[in-house]
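Here the protein sequences line up with chains F and S, keeping their order. With the first letter of the first sequence counted as 1, position 204 gets the number 253 in my numbering; the numbers rise by one all the way through. With the first letter of the second sequence counted as 1, position 19 gets the number 486 in my numbering; the numbers rise by one all the way through.
Hints in this document: simulated from the structure, not taken from any laboratory. Worth double-checking, as some hints may not be accurate.
Residues from chain S shown here face chain F by an in silico Cβ test under 10 Å; the list is partial [unchecked claim]:
no. : residue
1   : Val540
2   : Gln544
3   : Phe569
4   : Leu858
5   : Leu868
Glycine is no exception: its CB is placed at the ideal position from the N, C-alpha and C atoms.
These are the residues of each chain, in order.
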Amino acid sequence: MVEFWACVLGLSILLYILLDGFDLGVGMLFPFAPGEPERRRMLASISPVWDGNETWLVVSAATLFGAFPAVFSIILSAFYLPLFLMLAGLILRGVAFEFRYKSTTSRPIWDAGFVAGSYVAAFVQGTAVGAIVQGLPIANGIYAGTPFGWASPFALFCGLGLCIGYALMGACWVAGKSDGALRDFCFRILPGLMSALAAFLVAVFAWSVAIRLPVLDRWMERPVLLLCPLLGMFAFAGLVLAVRRRRERFLFLAGAVIFLAAFATLAGSFLPYMLPFSLTLWQAASPHASLSFLFWGAGVFVLPLTLAYTLVVYFVFRGKTRETGEY
Amino acid sequence: MDISALLLSRIQFAFTISFHIIFPAFTIGLAAWLTFLEACHLITGERIYRRLSDFWMKIFAVAFGLGVVSGIVMAFQFGTNWSELSRRTGPIQGPLLGYESFTAFALEAAFFGVLMFGRDRVPRWAYLVACLMVSLGTSLSAFWIMVNNSWMQYPTGFSLTPDGVFVPTDWSAIIFNEAVWTRFPHMVLAAYVTSAFCVAATGAWYMLRGTAVQEGRAMAVMGLRLAAILVPMQLGFGHLVGDFVHDRQPAKFAAIEGRWNDQQPASEILIAWPDPANERNRFEVAVPYLGSIIGSMSLTSKELGIKSFPPEDRPPVAISFFAFRIMVGCGLLMLALAWTGTVLSFGEGILKARLFLVATASSFPLGFIATLTGWFTAEVGRQPWVVYGQLRTADAVTPFLTTHEVAITFVMIAAVYALIFGFGVLYLFRLLRAGPIPANEISLYATNPKRPLSVPGASPGVSGAAPLGE
Chain F
50 MVEFWACVLG LSILLYILLD GFDLGVGMLF PFAPGEPERR RMLASISPVW
100 DGNETWLVVS AATLFGAFPA VFSIILSAFY LPLFLMLAGL ILRGVAFEFR
150 YKSTTSRPIW DAGFVAGSYV AAFVQGTAVG AIVQGLPIAN GIYAGTPFGW
200 ASPFALFCGL GLCIGYALMG ACWVAGKSDG ALRDFCFRIL PGLMSALAAF
250 LVAVFAWSVA IRLPVLDRWM ERPVLLLCPL LGMFAFAGLV LAVRRRRERF
300 LFLAGAVIFL AAFATLAGSF LPYMLPFSLT LWQAASPHAS LSFLFWGAGV
350 FVLPLTLAYT LVVYFVFRGK TRETGEY
Chain S
468 MDISALLLSR IQFAFTISFH IIFPAFTIGL AAWLTFLEAC HLITGERIYR
518 RLSDFWMKIF AVAFGLGVVS GIVMAFQFGT NWSELSRRTG PIQGPLLGYE
568 SFTAFALEAA FFGVLMFGRD RVPRWAYLVA CLMVSLGTSL SAFWIMVNNS
618 WMQYPTGFSL TPDGVFVPTD WSAIIFNEAV WTRFPHMVLA AYVTSAFCVA
668 ATGAWYMLRG TAVQEGRAMA VMGLRLAAIL VPMQLGFGHL VGDFVHDRQP
718 AKFAAIEGRW NDQQPASEIL IAWPDPANER NRFEVAVPYL GSIIGSMSLT
768 SKELGIKSFP PEDRPPVAIS FFAFRIMVGC GLLMLALAWT GTVLSFGEGI
818 LKARLFLVAT ASSFPLGFIA TLTGWFTAEV GRQPWVVYGQ LRTADAVTPF
868 LTTHEVAITF VMIAAVYALI FGFGVLYLFR LLRAGPIPAN EISLYATNPK
918 RPLSVPGASP GVSGAAPLGE
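Only chain F is shown next, with the shape it has when bound in the complex (with noise of 0.2 Å):
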């Protein structure tokens, strides 16, 4: 049951990164990009769908609440301030997507309010990882750090890597979702992105050496956990090319990878704990009978059925977007 709950909290986790990855990434590219026309594209190619992606983030909380209280109370009162500022980003961000259709004057505000939205939902979302990655300070199952112990450089520089990721893979799905100036615009800025993220992922990795990163010990421990960096270089290599070719249709597939294997890697590195290493899944979850009641309605019959709108979503509003922002 705890692993039941685990693999649904992986892939909730996943799916969200995966998915509000790209959109928060389109509202960072979003001021950069040639045009009204182009922006309107952009808006476009993500209307449909950013509400269901974002709903993978409160899927996420509740299968974290209603499985591993212990873990929820720790990482959301820790990051009590940055937690509250993304809250704040994401609601100004969803609101602008309605509201600047129907404002004329105060237009500014809801494009200002989705850029900075988006920018600091991802930049919370890194550091947070950063700094679990780093190991948060625990006592008696409680967060035991300042009001700014989570601020570590590492964690920080982590909120800046993942800012560029989720950048690279909106400039990747609006390539895929676009022609003309937009899909121009998308393959100019991706050499950059991605020479950034290579330098952000060697830097990481050499950081985290430097700063003896406990976590990195899990890997001589379990060498078949470099199986994972292997399919992020082989995908950042089908990138690359996709990329020369101007193969837009597999930009999207490759990010996707790239994420996957280092969410595989991250998982794996610090697995069976969750806190690491303070928190085992066993240690964090819900008694059995919290686990089986939400088994049984949840697990069995609502997750599916969640997964199933999902993919019919994404299948109905398949293909290149037009301008018009008419589905």
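Based on the hints, put chain S in the right spot on chain F.
Relative to the frame of chain F, chain S by itself:
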């Protein structure tokens, strides 16, 4: 009073939940109202039901979007500000709130798309089913929230581990909690009554203005007649909730009654000015014996006063006392309006009764006020416990939280809410002012299922037929 992280966290939670509850109260009722309209349309084939449905669908979409957005913050507050509550009650509250998220998403998200998008793409019966499913989804979501809240009001079916974690032992005792079966209908009826009065008030407004008179009249009459049945039911369930509070939460009951000393037989205080510092009422109007009758259905029963409870276990008396009276006052006002309106509606009287129409038109916020004050009564009355009799609110707050942190986030959230809700309410008002599309115009829809806030006609100077993104 010291400004502590605890106090600020409580205010922050009260602020976000008060903002949030307005929209579910509206959408639960509106979803049922839309289902009702669609059923009427399907059965009678009258065009007016379709026009009303089209109109209220737009209002519903905006209110639904704002409800979803404002709800996200609350889910996170459990962990950010109340981490001890999450850690200790997580095994029980986690799955309950998990079900709320899962079921609400599965039903609402899937069928909301059909509602916004599928009017002309699915058969009429399927559209009705979609309405029904969204309605079911909103009610189901309310059900899980009420189950969770009722467990906090009356914790059952658990055992405590040595380190204070609540472990579920009997889920049926938790879900089929004694409190749920009066409190859940009370909440759903509150939502229905609130929406009925929004509909009736809007109708009366149109009648007064002389625009969309046919639709306006239909709204006013249907809203008031519906309320004429619902409000008495609501008062009945309110009484049952009161019985529960009397038996299970005597301190809350005494605070609501404004009764300081034990009384036998007890009188019922109608109006008073509670003075907690001196543990008495400065001024009161009371009816002898009525307190015992309301409390225990007897002329002689002894009713407890607040002084029977140690000071550290007493809820804030003044807030409970006044909130309860405002709620009941709104309820009685709505009853009077609904019954008067129903009598007037059989005949042409309602068209001439301008004074009554003005009163009805200004009754728009009554349901919201009653819902809010009802929640204040329930939640403030539960203090100082967050899990009644088991876990104090002071022990549930995130232990290391500083006042500065809460103050910063509070200002941030308040600013964001003020911005988005200011504009959201503005758009709702514009929709209401514009009124239904006249009968002779064909409605051309271009809405998107995944964008609940995007509704044609919401923009200034943009007609209902304008496609999105222009």
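Hints, verified against the model:
no. : hint   : result
1   : Val540 : holds, 5 Å
2   : Gln544 : holds, 9 Å
3   : Phe569 : holds, 4 Å
4   : Leu858 : violated, 14 Å
5   : Leu868 : holds, 7 Å
Hint 4 from the earlier list is the only one contradicted by this structure; the remaining hints agree with it.
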